[in-house]
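Asker: Here's the letter readout for the chains.
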Amino acid sequence: MPLLALSNIRKRYGSNLVLDDVSLDVEAGEVIAVIGRSGSGKTTLLRCINGLETTDGGSIVFDGKPLPPGGADLRELRRHIGIVFQSLNLFPHHSVERNITLGPTITNKVPLAEAQRIALNVLREVDLEDKLHAYPSQLSGGQQQRVAIARALAMQPRLMLFDEITSALDPELVGDVVKVLERLATSGMTMVLVTHEMGFARRTADTLVFMHQGRIWEKGPPRELFAAPKTPELESFIRAVLDPND
Amino acid sequence: MSRDFDWPEFLFLLGALRWTVVLSLIAFVGGGIGGLLLAIARTSSHAILRGIAAAYIGVMQGTPVLMQLFLAYYGLAVLTGIRIDPWPAVTLAFTMYAAAFLGEIWRGAIQAIPRQQWEAAAALPLSPAAQLRHVILPQAFRIAIPPTVGFLVQLIKGTSIASIIGFVELTRAGQLIVNVTFQPMIVYPLIAGLYFVLCWPISLVALRLERRIDATLGIKQHP
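Each protein sequence line maps, in turn, to chains E and D. First residue of the first sequence: 1, per the numbering used here; consecutive thereafter. First residue of the second sequence: 247, per the numbering used here; consecutive thereafter.
Source of the hints: derived by calculation from the structure; they are not laboratory data. The C-beta atom is built at its ideal place from N, Cα and C for all residues, glycine as well. Please note: incorrect hints may appear among the correct ones.
Far from chain E, by Cβ distances over 12 angstroms, these chain D residues were calculated [stated by the list, open to error]:
#	residue
1	257
2	397
3	434
4	440
Looking from chain D toward chain E, a few residues come up when the C-beta cut is under 8 angstroms (computed) [to be verified]:
#	residue
5	363
6	365
7	369
8	371
9	385
10	389
11	391
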């Protein structure tokens, strides 16, 4: 049984069908990279998985249980699904440490001292243990995203969602974030990433999903898809991202 | 027979100043509690709550505070069937007035927090109440300091209107003293000065509070 099963997901904004019959299984330990042009529905798909967006049809089943529509049941499920966003959205009024301990102490009722130990551990995983007492405004964008990853990891999620987390960063800051992602992937974390980092997708993902016009257009091992795209849409997309001047 | 403005008259003014302070304080604290509830209601996802809060704020902001004062004064008198003391009427009127304005100021502060902060908190996953308490309100608080202090200062000065229904606060006390001394150009500048001494430090303290918060968060100071 897959950890996450999306079946026939539909999502409409007005008359615009942004997700059109999308089905995708995510096995435990699998790393799935979702690529595609902007407007292809990939971010919406990711946000549907933890209920930040509602769907207009289809089913989302996590660990054998359907996604609850909202309230305390949805909150309970979100404890197991971490997400990191494209926009830098650490809580600016809290220190790095408090950003990370908020979830464990308030949601999981972990004692503060224990949560602080967790915070130090997850910060080590993203190489930022020296920033424990810093405030977000004192960090670079890349460091903020690594703290956001640590914040999600502190909840010990079973699935991690990443929504273009390097897209808002200066190019020289992308590398450190990607390094953390690769380490996380190697550690066995189940991950679904919407990404524009083709190198990362090719090296690290088990499965590459190409979305186009709200549908999963192609899906398979990244090397195969990059080497031999079956559709002209993927072919032109790959050409565009690998050599933008072509 | 008139008498000159002297220490007893000055002490009388100071005694009345106390009532200006007490009235402002009650209105600000009571209005603050009401305003917080209104602000949360105005930004909630419940349409009925939003509507009630918006209607209340609309009515209170759209009518003169003097009318609210009259309505509270005569309204309470009609309800209780006796001619009542101005004190409960002025505290009621100013508290309700402050609640509406603070509610609207704080609604703006809450809505100034980016949607992504709510989402990040919801994904953590904090409950809606915890999202407000730990993520949204502390940030809104910082944004709300300047307009809130601006309103507090307006409120303190605005309590002078309570003199019209005979509540003896600083302004009313000044009128009484002028009536016996016939020295308005001594009494009124002095009263203006007393209001200033009350209001100015509040603005200063607020500015220092803003700077301290910004410094803690590592935010660069604006010149």
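Asker: Looking back at the hints listed earlier, which ones does the structure fail to meet?
Answerer: 10 and 11
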